[in-house]
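With chain L's structure known, arrange chain U on it following the hints.
Going line by line, the protein sequences match chains L and U. Using this note's numbering, read the first sequence as starting at 1 and increasing by one per residue. Using this note's numbering, read the second sequence as starting at 1 and increasing by one per residue.
The hints are simulated quantities; they were obtained by calculation from the structure and are not laboratory data. Some hints could be false.
No distinction is drawn between identical chains; accordingly, a pair holds when it is met within one copy or between any pair of copies.
Keeping only pairs whose Cα atoms sit at most 27 Å apart, straight-line, the calculated DSSO-like set for lysine-lysine is [to be verified]:
no., residue 1, residue 2
1, 247, 140
2, 235, 247
3, 439, 62
4, 159, 295
5, 306, 247
6, 235, 271
7, 366, 336
8, 222, 295
9, 295, 235
10, 455, 62
11, 306, 235
12, 222, 247
13, 222, 270
14, 159, 247
15, 140, 271
16, 159, 306
17, 295, 247
Here the structure is a predicted model, which means the values were calculated and not measured.
Number of protein chains: 2
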Amino acid sequence: MNFQPITQADLEFLANICGQENLICGSEIHEDFSHDELGDLHRFPEILVLPANAREISEIMKYANQRGMAVTPRGQGTGLVGGSVAMHGGIMISTARMNRILELDQENLTLTVEPGVLLMEIAAYVEAHDLFYPPDPGEKSASIGGNISTNAGGMRAVKYGVTRDYVRALEVVLPDGEITWLGGKIVKNSSGYSLKDLIIGSEGTLGIVTKAVLRLLPRPVKAISLLVPFPCLEKAIETVPLIIQSKAVPTAIEYMERAVIENSEDFLGKKFPDSSADAYLLLTFDGNTREDIEKDYEKVAHICLKNGALDILISDTQERQESIWSARGAFLEAIKASTTEMDECDVVVPRNRVAEFVRFTRQIEKEEGLRIRSFGHAGDGNLHVYLLRDQLERDEFKTRLHKSFVRLYDRARELGGQVSGEHGIGFAKRSFLEEVAGKVQLSLMRQIKHAFDPKGILNPGKVI
Amino acid sequence: MNFQPITQADLEFLANICGQENLICGSEIHEDFSHDELGDLHRFPEILVLPANAREISEIMKYANQRGMAVTPRGQGTGLVGGSVAMHGGIMISTARMNRILELDQENLTLTVEPGVLLMEIAAYVEAHDLFYPPDPGEKSASIGGNISTNAGGMRAVKYGVTRDYVRALEVVLPDGEITWLGGKIVKNSSGYSLKDLIIGSEGTLGIVTKAVLRLLPRPVKAISLLVPFPCLEKAIETVPLIIQSKAVPTAIEYMERAVIENSEDFLGKKFPDSSADAYLLLTFDGNTREDIEKDYEKVAHICLKNGALDILISDTQERQESIWSARGAFLEAIKASTTEMDECDVVVPRNRVAEFVRFTRQIEKEEGLRIRSFGHAGDGNLHVYLLRDQLERDEFKTRLHKSFVRLYDRARELGGQVSGEHGIGFAKRSFLEEVAGKVQLSLMRQIKHAFDPKGILNPGKVI
Numbered sequence: 001m002n003f004q005p006i007t008q009a010d011l012e013f014l015a016n017i018c019g020q021e022n023l024i025c026g027s028e029i030h031e032d033f034s035h036d037e038l039g040d041l042h043r044f045p046e047i048l049v050l051p052a053n054a055r056e057i058s059e060i061m062k063y064a065n066q067r068g069m070a071v072t073p074r075g076q077g078t079g080l081v082g083g084s085v086a087m088h089g090g091i092m093i094s095t096a097r098m099n100r101i102l103e104l105d106q107e108n109l110t111l112t113v114e115p116g117v118l119l120m121e122i123a124a125y126v127e128a129h130d131l132f133y134p135p136d137p138g139e140k141s142a143s144i145g146g147n148i149s150t151n152a153g154g155m156r157a158v159k160y161g162v163t164r165d166y167v168r169a170l171e172v173v174l175p176d177g178e179i180t181w182l183g184g185k186i187v188k189n190s191s192g193y194s195l196k197d198l199i200i201g202s203e204g205t206l207g208i209v210t211k212a213v214l215r216l217l218p219r220p221v222k223a224i225s226l227l228v229p230f231p232c233l234e235k236a237i238e239t240v241p242l243i244i245q246s247k248a249v250p251t252a253i254e255y256m257e258r259a260v261i262e263n264s265e266d267f268l269g270k271k272f273p274d275s276s277a278d279a280y281l282l283l284t285f286d287g288n289t290r291e292d293i294e295k296d297y298e299k300v301a302h303i304c305l306k307n308g309a310l311d312i313l314i315s316d317t318q319e320r321q322e323s324i325w326s327a328r329g330a331f332l333e334a335i336k337a338s339t340t341e342m343d344e345c346d347v348v349v350p351r352n353r354v355a356e357f358v359r360f361t362r363q364i365e366k367e368e369g370l371r372i373r374s375f376g377h378a379g380d381g382n383l384h385v386y387l388l389r390d391q392l393e394r395d396e397f398k399t400r401l402h403k404s405f406v407r408l409y410d411r412a413r414e415l416g417g418q419v420s421g422e423h424g425i426g427f428a429k430r431s432f433l434e435e436v437a438g439k440v441q442l443s444l445m446r447q448i449k450h451a452f453d454p455k456g457i458l459n460p461g462k463v464i
Numbered sequence: 001m002n003f004q005p006i007t008q009a010d011l012e013f014l015a016n017i018c019g020q021e022n023l024i025c026g027s028e029i030h031e032d033f034s035h036d037e038l039g040d041l042h043r044f045p046e047i048l049v050l051p052a053n054a055r056e057i058s059e060i061m062k063y064a065n066q067r068g069m070a071v072t073p074r075g076q077g078t079g080l081v082g083g084s085v086a087m088h089g090g091i092m093i094s095t096a097r098m099n100r101i102l103e104l105d106q107e108n109l110t111l112t113v114e115p116g117v118l119l120m121e122i123a124a125y126v127e128a129h130d131l132f133y134p135p136d137p138g139e140k141s142a143s144i145g146g147n148i149s150t151n152a153g154g155m156r157a158v159k160y161g162v163t164r165d166y167v168r169a170l171e172v173v174l175p176d177g178e179i180t181w182l183g184g185k186i187v188k189n190s191s192g193y194s195l196k197d198l199i200i201g202s203e204g205t206l207g208i209v210t211k212a213v214l215r216l217l218p219r220p221v222k223a224i225s226l227l228v229p230f231p232c233l234e235k236a237i238e239t240v241p242l243i244i245q246s247k248a249v250p251t252a253i254e255y256m257e258r259a260v261i262e263n264s265e266d267f268l269g270k271k272f273p274d275s276s277a278d279a280y281l282l283l284t285f286d287g288n289t290r291e292d293i294e295k296d297y298e299k300v301a302h303i304c305l306k307n308g309a310l311d312i313l314i315s316d317t318q319e320r321q322e323s324i325w326s327a328r329g330a331f332l333e334a335i336k337a338s339t340t341e342m343d344e345c346d347v348v349v350p351r352n353r354v355a356e357f358v359r360f361t362r363q364i365e366k367e368e369g370l371r372i373r374s375f376g377h378a379g380d381g382n383l384h385v386y387l388l389r390d391q392l393e394r395d396e397f398k399t400r401l402h403k404s405f406v407r408l409y410d411r412a413r414e415l416g417g418q419v420s421g422e423h424g425i426g427f428a429k430r431s432f433l434e435e436v437a438g439k440v441q442l443s444l445m446r447q448i449k450h451a452f453d454p455k456g457i458l459n460p461g462k463v464i
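Here chain L stands alone, though its shape is the one from the complex:
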């Protein structure tokens, strides 16, 4: 791929569009914008622009498209696969200034936002109106634009599904600068191919989301969390399919090991409510009446105890729940802080194959000589598996890492799983997507990319 380098004339054009004060060039660009949250992928854009609206982005795209300049859209840069790193230099478009909540429509239960609004801002805003935006990824400082671009899932997918399920409409700037609306404030749609669903999860390679209409739910009145210690991880995870089968509907089912909890205690400087057991399930139940929730969690508690759980710790105060879930939210950072470098594997497998997959990560740990930590969404089959460098030489780490990744993704495919549950493919996982999706699907994806972006200028080098 060959892109035009940025010239002085380009800078002047961009300054005209967005204002000089919203342009940052060359060595003025902060190091943060050269990478995302994981790995050693570093590449600076030639210029960072912070447009104010879709019209400005449209102008930039028209210009870049005509001249064949690479454009990388960027939310908060909290991704884990290099999706928002400017691999080919060029223009980086940050949506950080497009951070307004535009409309709460209580009659249609929708929230219209700009892409730069943070997940935690949406949560706080809708909660104040007694409403609920269910997707709940661990990283609350991610932008909603980024969440849409990776079809982020989070903890509550067991009961509520993923980001895709909560996007009613998108305003998108296409690579040639056209501004188009997909979907609407509508509940059903069967009007041609679902371009909206193509944009969701396309990691900024098909268009730039400039507005989103999100579907809201009434806020559940009550939530209760159960922390369930087990003598070992297998026992914990093997209980999950039994819970699903019991027809109880937990909001979330997370699994965690003592080692990860200890990392988190060190990192936060706070004790976890219990860390005596080797492994835990953390479950939440929500609903509108205590009876409704109790019926479910009593059934689940019974199943856990029957399957070897050591105890059932109930958290029904908000304070206690927040302390558990904030520890859970710090796992990624805590593991990161415990090592020199790491990379991750965000596989998703059928829910009844999670135990098998985790067992396989243990085998890889031994056979490839690489410390591996995992935690994740046992209830929806989405695992976050971290491969840690520790004291290994860089080259040796890279070699072992690659071998381990190949084996892990192969196994995921054998189990009927996919490369990524919610973090996406970005730059780092492209070769694994090729393996799992196969030639036929990849060729379709390439042609779709070509239909949207014939010159390949938008987020080049990502996904496919």
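Quick look at chain U alone, frame taken from chain L:
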């Protein structure tokens, strides 16, 4: 579009693949296969084949693709837009023999089915296992393959969403005969562009669904229906946004007028529980405890009464509920039986615009001189508006119909709506999709079609 006519050699090839007994030719083809459920669109395929599995369909597609023969996939033919009519003759592939329920996976809460399984068969099967497949279109004898191809919605979309939300994975035969699996028994997926979501709602123009893995939910323990008479339709429909705003979560909110109820009484030869009022809302609430449901429906009953409802009729026995819902299920047939010919408009608008749109249908009725009846899903903004010929001359009807359609779809677009909520575009609504989607989106859709089906042999003349 020019397609190769079927020759004797083709018949022999197809007989070799599927068996002579699964081939029906020329004048042997029953008239039913020349049309779907609405309008005057009649066209016979040259040959009707009933393959047994994906492999046979793959062989047929390879052959047809090489030779440039038109292929029309067909479920139960219950569509309303000509989507399964063989507009260019050629081969019709019926999935009627592919009607097995293949697997109930209780650990992952999925049901794997062939495309020819009927909606009512799925409902009965999962109910027997105390499970629940939420999509609930009025036409229970539709096939699941057809439902997926139109992204069917039905009554329960208010609470549970549409078919798209319940398809975990698809096995698809592509136009060139490749068999590919999209998705998996997985809850989350962020692994490249969502080809699965492209196939859903593509009305058999991008591929033929040969297996589907459906997501199931535990069956709600209790359901209660409220039939709420109002003095006029406007009053009834204007109450819906207030219900949504109240944060109660009904499973379904349907609206109906006395005239339609009377049609249905005539058609079924059975009295509706009440037909004294001009208009009704019919609501269902489901849940796992009586308290949970009561809290919601009491709130809603109060809102209805405050907004002019004449009464609240509660149906909490299964028998009574079935009698109401079976009347509701007969509306389409009943209206059809009340006239000589009709066509329909399946628009979807934001929920707080339904009243405005219904008012506009009244205006059209007067101004264009065409009897119009409507009913539908007030809770999700999806209206079924029927334009009736009655004693009009055919040509005159066609003229008035077209003028009315243009005005109705224009208004839907102005209100932020779409051409079709759940019946699709098929053959009949293509020009209206062009209007509403606009050039940019249509061009993307055309290129996507070309990526999947460069020779344009699969369901030609549909959608775009």
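Checked against the structure, which of the hints given earlier come out wrong? Result: no hint breaks.
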